[in-house]
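2 protein chains.
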Amino acid sequence: MKKIGFDKVKLNSGLWKTLQTRNEETTIYAVKDRFEETGRFKAFSCDWREGEDKKPHFFWDSDVAKWIEGVAYSMINGKNREQEAFIDSIVDMIETNRYDDGYFNIYYTVCEKGKRWTERYNHELYCAGHLIEAAIAYKKATGKDKFLKLMFDYADCIYKTFVTENSASFMTPGHEEIELALVKLYEETGEPRHLELAEFFIDKRGNNDKDLEDECGVNCLYIQAHKPVREQREAVGHAVRACYLYSAMADLARINNDAALRTACESLFDDISKRKMYITGGIGSGFSTECFTVPYDLPNNEAYAETCAAISLAMFGQRMLELDVDSKYSDVVEKVLYNGIISGLSLGGDAFFYENPLAYDKPVSAEYDRQMNAGGRHRTIRERAKIFGCSCCPPNINRFFAAVGDYICGCDEETVYIHQFMDCDINLGDESLKIETQYPRDGKIKITYSGGRRIAVRCPEWCRKIICHVPHTTRKGYMYFENTDCLEVEFEIRPRLVRAASAVIADSGCTAVMCGPVVYCAEAVDNGDNIGDLYILKDGKINTVESTLTELCDLEADGARMAEQRELYADYMAELEPCKIRLIPYYAFANRGASEMRVWLNIR
Amino acid sequence: MKKIGFDKVKLNSGLWKTLQTRNEETTIYAVKDRFEETGRFKAFSCDWREGEDKKPHFFWDSDVAKWIEGVAYSMINGKNREQEAFIDSIVDMIETNRYDDGYFNIYYTVCEKGKRWTERYNHELYCAGHLIEAAIAYKKATGKDKFLKLMFDYADCIYKTFVTENSASFMTPGHEEIELALVKLYEETGEPRHLELAEFFIDKRGNNDKDLEDECGVNCLYIQAHKPVREQREAVGHAVRACYLYSAMADLARINNDAALRTACESLFDDISKRKMYITGGIGSGFSTECFTVPYDLPNNEAYAETCAAISLAMFGQRMLELDVDSKYSDVVEKVLYNGIISGLSLGGDAFFYENPLAYDKPVSAEYDRQMNAGGRHRTIRERAKIFGCSCCPPNINRFFAAVGDYICGCDEETVYIHQFMDCDINLGDESLKIETQYPRDGKIKITYSGGRRIAVRCPEWCRKIICHVPHTTRKGYMYFENTDCLEVEFEIRPRLVRAASAVIADSGCTAVMCGPVVYCAEAVDNGDNIGDLYILKDGKINTVESTLTELCDLEADGARMAEQRELYADYMAELEPCKIRLIPYYAFANRGASEMRVWLNIR
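Chains as they are written, first to last, in the numbering used here: chain A, 12 to 615; chain B, 12 to 615.
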């Protein structure tokens with residue numbers, strides 16, 4: 012199975028159409044403005060000098076590269092053509108300021124000249140990877156190949172340094188990304204050296220003295236270099252690095268039919284999805300190092316769950332699906348799509364969360380949060396910010412939202428697979444495919460297909476009742492329909508209560524409310540303060556109600572409220588008063604000012 | 012009201028008799044052995060040289076001083092006389108190695124010679140304070156005054172440096188302790204300079220440029236030097252430092268009848284006891300800096316709640332009681348006495364907790380905990396250790412347990428006050444007082460008194476039914492009995508459920524079980540794994556049962572168990588199976604190997 016690229020997909024309506032349009036019309040410009048202000052674009056001119064302000068950071072190349080990638084994808088979708096000249100000017104700056112051997116990196120050109128390939132943790136290859144991805148996207152969007160050629164040369168330079176000469180101080184990068192970029196480059200150029208270089212970085216990881224000599228304990232785990240990748244079975248370390256690595260591993264498992272890599276990927280995906288993933292699809296619960304910690308360590312207030320990490324999990328899941336059409340992969344992608352990724356962006360489309368906690372306690376003041384953090388607790392910002400110093404997430408949203416069509420369908424010779432349900436037209440050349448749905452507001456899916464292949468439709472794991480009158484067989488969570496040109500399926504969507512594993516101590520005694528793939532939360536702005544005094548009634552009703560906030564529904568659950576207790580400790584005499592609990596989609600939280608919030612609610 | 016010192020009190024039976032005996036027979040020797048092994052005693056010879064191992068740490072003087080104080084108190088109780096020669100030898104070393112001006116500090120004599128009075132954070136005055144306390148105790152125990160004379164000279168040296176010459180780099184210490192020690196010294200010697208020096212440190216704190224110039228933000232709060240002490244209303248910073256300071260403030264408020272100091276102390280005590288104290292009396296929830304954080308931030312797994320901090324709160328509460336006989340102070344002292352202090356010592360008496368969490372999740376491995384900690388979560392050790400590098404708590408237990416009699420009674424001209432209920436004889440010279448009780452195993456108290464004063468007896472805040480047939484009046488939580496030579500009171504002790512304030516998010520949806528002043532907990536060793544799947548039944552029974560672990564009762568509560576869920580997320584279909592939940596006194600947790608534990612339990 013190969014994915015059907017987003018360039019073949021035209022979204023027509025629904026939540027993701029809204030999000031994509033907002034990205035193309037607002038978010039891309041919001042990010043551009045912030046990058047302009049902070050000097051990220053100008054940095055490509057490589058004329059910063061010591062003592063000046065706006066000193067380029069070692070990951071600025073990648074920030075801009077992701078933004079270019081996002082703009083390029085939106086061009087393919089027919090938007091943002093007017094950005095072309097601006098991007099051309101950036102490409103020109105890269106051409107002007109690169110070294111003769113093809114090398115380009117702002118930080119090691121203007122800040123730490125001479126330290127090229129000596130600092131494993133300073134994102135040098137990570138930046139290269141993102142520039143390569145941007146160049147590929149830009150070529151697709153414009154047909155212009157200058158950027159791509161520059162990156163071709165850069166890849167040659169990297170090949171020479173790492174493979175031919177082995178002259179860098181390290182052998183594999185401190186932040187993965189180059190690996191999956193090189194696979195993409197190989198698939199674009201067909202140049203075997205690009206694949207070989209990707210294999211080199213994968214094979215050498217955790218497998219050579221240079222990788223291990225100065226990194227032991229935490230650091231080796233942190234960058235997934237603690238052992239050869241084929242022996243890795245548990246997701247460890249920085250979550251984004253991990254899933255970028257695992258994505259490349261899955262790519263190579265597919266391309267090379269590498270059973271050992273595939274086995275490792277399967278275990279790693281299971282370890283994440285069965286033991287280390289928030290109900291929102293968020294991953295990397297460890298706030299102090301943005302990392303995976305241990306199974307079932309999923310605190311809510313202190314969740315890190317970086318937006319980029321959610322994106323990286325979708326990328327990994329998507330690639331696993333190409334190895335094996337099993338809904339366990341596309342279910343996780345769906346979870347991330349409707350929760351942990353989109354929570355990172357404000358409803359207005361111009362402000363961001365880097366972290367995505369699953370609970371906020373009562374906002375008091377920034378000084379309060381600061382004091383709590385000083386004590387070792389972690390409280391993140393409580394309202395989405397326009398910009399972050401570390402600004403990886405906003406342009407990652409740009410490129411992900413523009414290319415979300417990538418996640419909908421795939422095909423092989425016999426079958427067209429429908430993984431995600433979005434209202435869209437898909438151009439398959441001779442064949443056409445139309446999906447009509449208002450999912451996830453509504454579970455009805457109508458599929459119209461002109462072509463000779465069978466259709467496979469994912470059955471979402473959360474669905475308890477599927478209405479479908481067309482004969483089909485089911486395998487690995489997909490319904491297979493033979494000889495069908497039109498079919499209707501309905502996945503009954505109704506609010507339901509979810510319990511977390513006993514081992515998740517943070518969720519003990521609690522329930523989460525979901526409706527279809529969407530996780531809900533309760534905010535104080537709707538329910539009054541002390542969300543912790545609210546109880547969902549296990550046998551109560553949960554009704555869907557119109558939302559003023561999102562195009563999905565809100566929920567209203569039968570609940571009970573315990574009277575507020577102000578005394579620190581008192582006799583347990585709480586009487587419960589019946590009440591209604593208003594729930595909004597999790598992703599829409601913190602759009603009405605700082606407010607107490609919980610996903611996991613008490614239950615009686 | 013002045014306390015009646017422990018030297019007038021002879022414990023006869025009961026929990027605290029057991030604890031005191033164990034301290035005198037086991038704990039004091041366990042600490043001595045560890046101090047011997049680590050070179051703490053030998054360090055007093057001041058012959059350590061650079062390059063040798065066992066480099067003296069800047070707080071070693073204080074560790075040994077607290078141990079000497081504990082041994083001295085136990086001598087007064089008639090134990091450990093054979094340690095006298097050993098302690099004499101330490102005193103001799105101090106005499107030999109002190110400077111001509113009276114100065115003595117191991118670290119600044121052998122490690123950082125020449126840096127005397129330049130490093131505010133290196134516990135120089137803290138060590139001096141503990142040496143002074145030890146010298147006073149040793150004089151009381153033995154009648155020998157050499158140690159005390161040395162400390163008299165040392166106090167003069169400090170006076171000259173800080174008051175006369177103002178020649179130190181700082182004006183008030185980075186770790187308080189000297190203040191309360193100087194008040195004690197003044198009360199022993201009657202020398203006005205000692206009181207004046209204590210006043211100096213109190214008055215100057217947060218009130219001068221030297222205090223503030225290089226410490227801003229966290230650090231100033233951390234050491235309570237962010238504003239003049241009389242303006243302080245909220246407990247901030249390192250909890251032990253805070254309560255040592257507040258104790259000295261309360262002393263001076265009493266001695267000098269200083270209304271501004273008293274007002275500050277009242278607010279600070281209220282802030283702690285009403286907003287920042289665990290149900291165990293533990294304080295300082297911030298693990299990363301051992302500090303108070305913000306009101307109601309009382310996480311259970313990540314509780315810091317240092318044993319020393321609990322001790323310091325008892326010290327503060329005791330001094331507040333001398334300012335105002337109000338049971339709100341003695342109730343807090345009781346809470347600490349039966350929970351947060353004694354949890355710091357193993358039942359065997361020879362192993363310690365520095366931190367006292369209110370929950371442990373399932374033990375997996377030290378590596379698991381390490382990975383969790385690396386992610387920013389805090390998991391402390393799971394079994395009491397024989398020794399800590401930072402070993403302030405074990406000798407603090409030595410001195411506290413030996414002198415616990417200090418907390419029982421007080422008197423003024425008209426009244427004899429009974430604050431804590433322990434089975435004991437109290438020698439008041441012409442008068443005698445006998446308290447017969449098995450409290451807190453049983454709530455009956457029999458008081459026999461020969462003397463003309465009235466008797467005041469604290470009514471514990473947790474008690475809902477007092478049986479007493481003797482006429483009395485009640486004021487500020489104390490029952491006052493006139494002309495009584497024998498009286499019986501019974502405080503009905505029965506298991507009860509406690510709820511925490513709505514604002515304590517860590518305890519939302521949960522209840523704690525107490526019986527009298529004793530907090531209970533559930534351990535997996537009694538209840539099986541997944542304590543988070545247990546529910547106390549709100550309307551169920553809780554019976555007392557014999558304990559094999561402690562001399563108090565265990566409890567058996569009607570509860571329900573939710574079947575273990577292994578899937579990370581699943582439909583909420585939990586059926587509850589009735590079960591019994593075994594509860595043991597909190598202080599006895601982790602005495603049967605590493606085990607899951609919770610104080611705050613789910614409730615239905």
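Please keep in mind that the hints were generated in silico from the structure rather than gathered at the bench. Keep in mind that a hint or two might mislead.
Put simply, identical chains are the same to the list, so a pair is met inside one copy or across any two.
Below, a list of computed lysine-lysine pairs in the BS3-like style, where the Cα atoms sit at most 30 angstroms apart [said to hold, decoys possible]:
(1) K549 <-> K591
(2) K221 <-> K487
(3) K373 <-> K339
(4) K14 <-> K373
(5) K13 <-> K476
(6) K285 <-> K221
(7) K549 <-> K373
(8) K238 <-> K373
(9) K549 <-> K66
(10) K66 <-> K160
(11) K171 <-> K457
(12) K221 <-> K13
For each hint, the structure was consulted:
{"no.": "1", "hint": "K549 <-> K591", "result": "both (13 angstroms within a copy, 23 angstroms between copies)"}
{"no.": "2", "hint": "K221 <-> K487", "result": "neither (42 angstroms within a copy, 71 angstroms between copies)"}
{"no.": "3", "hint": "K373 <-> K339", "result": "between (36 angstroms within a copy, 28 angstroms between copies)"}
{"no.": "4", "hint": "K14 <-> K373", "result": "neither (44 angstroms within a copy, 42 angstroms between copies)"}
{"no.": "5", "hint": "K13 <-> K476", "result": "within (29 angstroms within a copy, 75 angstroms between copies)"}
{"no.": "6", "hint": "K285 <-> K221", "result": "neither (33 angstroms within a copy, 56 angstroms between copies)"}
{"no.": "7", "hint": "K549 <-> K373", "result": "both (25 angstroms within a copy, 27 angstroms between copies)"}
{"no.": "8", "hint": "K238 <-> K373", "result": "between (43 angstroms within a copy, 27 angstroms between copies)"}
{"no.": "9", "hint": "K549 <-> K66", "result": "neither (56 angstroms within a copy, 61 angstroms between copies)"}
{"no.": "10", "hint": "K66 <-> K160", "result": "within (28 angstroms within a copy, 62 angstroms between copies)"}
{"no.": "11", "hint": "K171 <-> K457", "result": "neither (52 angstroms within a copy, 90 angstroms between copies)"}
{"no.": "12", "hint": "K221 <-> K13", "result": "neither (36 angstroms within a copy, 70 angstroms between copies)"}
Checked against the numbered hints above, the structure violates hints 2, 4, 6, 9, 11 and 12; every other hint is satisfied.
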